[in-house]
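J.: Sequence:
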Amino acid sequence: MAIKIVTDSTSDIPHALAEKYGITVVPVYVQFGNKTYRDRIDITESEFYERLLHFPVHPTTSQPSPQDFVDVYKNLSEDADGIISIHIAGKLSGTYNSAICAKDMVTSGCPIEVIDTNSLSMGLGLIVLKAAQIAASCNDFQQTIRQVKQLIERTHILIVFDTLKYLAMGGRIGKGKALLGNVLNIKPLLTLKDGEFLPAAKARSREKAIDILYSYAEKAGTIDDISVIYSTTLGEAEALAQRLEPLCGKKATIARVGPALGVHAGPGALALAILTTE
Numbered sequence: 006m007a008i009k010i011v012t013d014s015t016s017d018i019p020h021a022l023a024e025k026y027g028i029t030v031v032p033v034y035v036q037f038g039n040k041t042y043r044d045r046i047d048i049t050e051s052e053f054y055e056r057l058l059h060f061p062v063h064p065t066t067s068q069p070s071p072q073d074f075v076d077v078y079k080n081l082s083e084d085a086d087g088i089i090s091i092h093i094a095g096k097l098s099g100t101y102n103s104a105i106c107a108k109d110m111v112t113s114g115c116p117i118e119v120i121d122t123n124s125l126s127m128g129l130g131l132i133v134l135k136a137a138q139i140a141a142s143c144n145d146f147q148q149t150i151r152q153v154k155q156l157i158e159r160t161h162i163l164i165v166f167d168t169l170k171y172l173a174m175g176g177r178i179g180k181g182k183a184l185l186g187n188v189l190n191i192k193p194l195l196t197l198k199d200g201e202f203l204p205a206a207k208a209r210s211r212e213k214a215i216d217i218l219y220s221y222a223e224k225a226g227t228i229d230d231i232s233v234i235y236s237t238t239l240g241e242a243e244a245l246a247q248r249l250e251p252l253c254g255k256k257a258t259i260a261r262v263g264p265a266l267g268v269h270a271g272p273g274a275l276a277l278a279i280l281t282t283e
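Position 73 of the sequence shown, counted from 1, bears residue number 78 in the working numbering, the numbering being contiguous throughout.
Incorrect hints may have been included.
[Stated by the list, open to error] Mimicking SDA-like on lysine to any residue, the simulated pairs with C-alpha atoms at most 20 Å apart in a straight line are: (1) Lys170 <-> Phe146; (2) Lys224 <-> Leu203; (3) Lys256 <-> Gln138; (4) Lys256 <-> Pro32; (5) Lys170 <-> Lys79; (6) Lys40 <-> His63; (7) Lys255 <-> Gly273; (8) Lys79 <-> Glu55; (9) Lys198 <-> Thr282; (10) Lys154 <-> Thr282; (11) Lys79 <-> Phe37; (12) Lys224 <-> Lys170; (13) Lys108 <-> Glu241; (14) Lys96 <-> Glu158; (15) Lys79 <-> Thr41; (16) Lys198 <-> His63; (17) Lys108 <-> Phe146; (18) Lys154 <-> Lys79; (19) Lys255 <-> Pro272; (20) Lys154 <-> Glu118; (21) Lys25 <-> Thr196; (22) Lys213 <-> Pro272; (23) Lys154 <-> Thr29; (24) Lys170 <-> Leu203; (25) Lys198 <-> Arg159; (26) Lys96 <-> Pro32; (27) Lys96 <-> Lys213; (28) Lys79 <-> Leu22; (29) Lys154 <-> Gln138; (30) Lys170 <-> Phe37; (31) Lys25 <-> Met6; (32) Lys96 <-> Thr196; (33) Lys108 <-> Lys40; (34) Lys213 <-> Glu241; (35) Lys96 <-> Asp199.
None of these hints come from the bench; they were simulated from the model.
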């Protein structure tokens, strides 16, 4: 028996890491016209971005249904002491609410805790990965929950967008709309605060935007874990991760923005997620 960890596909956790730590990932749905795809199951990241650039209508997303979570919870509860389900900011997606509804529908007797991280992508992913490690070493369900919730305030994310048009089309831009504009080569950077996008900076070139990401890590304090996330520019992500290694004393996890978030991030997005020690 063990404590099981569940998340959703907006966590962008690389498949190999999810398998390594026994994390169950529930897919978000992506719609192109009248066709629906399960994130990373029915459509790969590369297929998604190719279609995003050429499909005549902007795709949409929808959260997993409560029944999707019920099926996962029932399956896991057969050999679990408890389930901790950790998700994207409730202000950005209905996924958290679906998980809450599912929790109330499951009557197996296995305790289920649903957590809103107020984050997304590997900001969420780093919390989930650390949660899996905590769960593996702690047999106390409530203590594990407390430790996982403490990770939320220690998690930070900064995102460079090549353009904000995809975020605006998806209706997720929030206060980040202050950075909307068509000034040539201006690269907007957004962060998350209490589950909402906030403008963080503007850079006059791609190179300067990446320098801002590096400075973000420099100023973060003592880093427990770190991830570089990209949508279409793997080379940039690898170069930034290599640059960060001497600063952090460890290799950054490189992750790709999947279809669920790629609808809103678009091509050229690059981000840094950091989990600090305090």
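J.: Now look at each hint and say whether the structure bears it out.
T.: Hints and how they fare:
1. Lys170 <-> Phe146: Judged against 20 Å, a Cα distance of about 43 Å means the pair is violated.
2. Lys224 <-> Leu203: Judged against 20 Å, a Cα distance of about 18 Å means the pair holds.
3. Lys256 <-> Gln138: Holds, at roughly 18 Å.
4. Lys256 <-> Pro32: violated, 27 Å
5. Lys170 <-> Lys79: Violated, because 40 Å separates the two Cα atoms, which is more than 20 Å.
6. Lys40 <-> His63: Status holds; Cα separation ~13 Å.
7. Lys255 <-> Gly273: Roughly 25 Å separates the two Cα atoms, so the pair is violated.
8. Lys79 <-> Glu55: Distance of about 36 Å is beyond 20 Å: violated.
9. Lys198 <-> Thr282: Holds: lysine 198 and threonine 282 sit about 19 Å apart, inside 20 Å.
10. Lys154 <-> Thr282: With Cα atoms ~14 Å apart, lysine 154 and threonine 282 stay inside 20 Å; holds.
11. Lys79 <-> Phe37: violated, 31 Å
12. Lys224 <-> Lys170: violated, 29 Å
13. Lys108 <-> Glu241: With Cα atoms ~40 Å apart, lysine 108 and glutamate 241 exceed 20 Å; violated.
14. Lys96 <-> Glu158: holds, 17 Å
15. Lys79 <-> Thr41: Answer violated: lysine 79 to threonine 41 is near 25 Å, above 20 Å.
16. Lys198 <-> His63: At roughly 27 Å apart (the allowed maximum being 20 Å), histidine 63 and lysine 198 break the hint.
17. Lys108 <-> Phe146: holds, 16 Å
18. Lys154 <-> Lys79: Answer violated: lysine 154 to lysine 79 is near 24 Å, above 20 Å.
19. Lys255 <-> Pro272: Between lysine 255 and proline 272 the Cα gap is close to 27 Å, so the pair fails against 20 Å, i.e. violated.
20. Lys154 <-> Glu118: Distance ~11 Å between lysine 154 and glutamate 118 Cα, so the pair holds.
21. Lys25 <-> Thr196: Given pair lysine 25, threonine 196 is violated - Cα atoms ~29 Å apart, limit 20 Å.
22. Lys213 <-> Pro272: Cα-Cα ~18 Å, so holds.
23. Lys154 <-> Thr29: holds, 19 Å
24. Lys170 <-> Leu203: holds, 16 Å
25. Lys198 <-> Arg159: holds, 12 Å
26. Lys96 <-> Pro32: holds, 18 Å
27. Lys96 <-> Lys213: violated, 30 Å
28. Lys79 <-> Leu22: Roughly 23 Å between the alpha carbons, so the hint for lysine 79 and leucine 22 is violated.
29. Lys154 <-> Gln138: holds, 14 Å
30. Lys170 <-> Phe37: Cα-Cα ~18 Å, so holds.
31. Lys25 <-> Met6: Holds, at roughly 17 Å.
32. Lys96 <-> Thr196: holds, 14 Å
33. Lys108 <-> Lys40: Distance of about 29 Å is beyond 20 Å: violated.
34. Lys213 <-> Glu241: holds, 13 Å
35. Lys96 <-> Asp199: Holds: lysine 96 and aspartate 199 sit about 9 Å apart, inside 20 Å.
Of the numbered hints listed earlier, those contradicted by the structure are 1, 4, 5, 7, 8, 11, 12, 13, 15, 16, 18, 19, 21, 27, 28 and 33.
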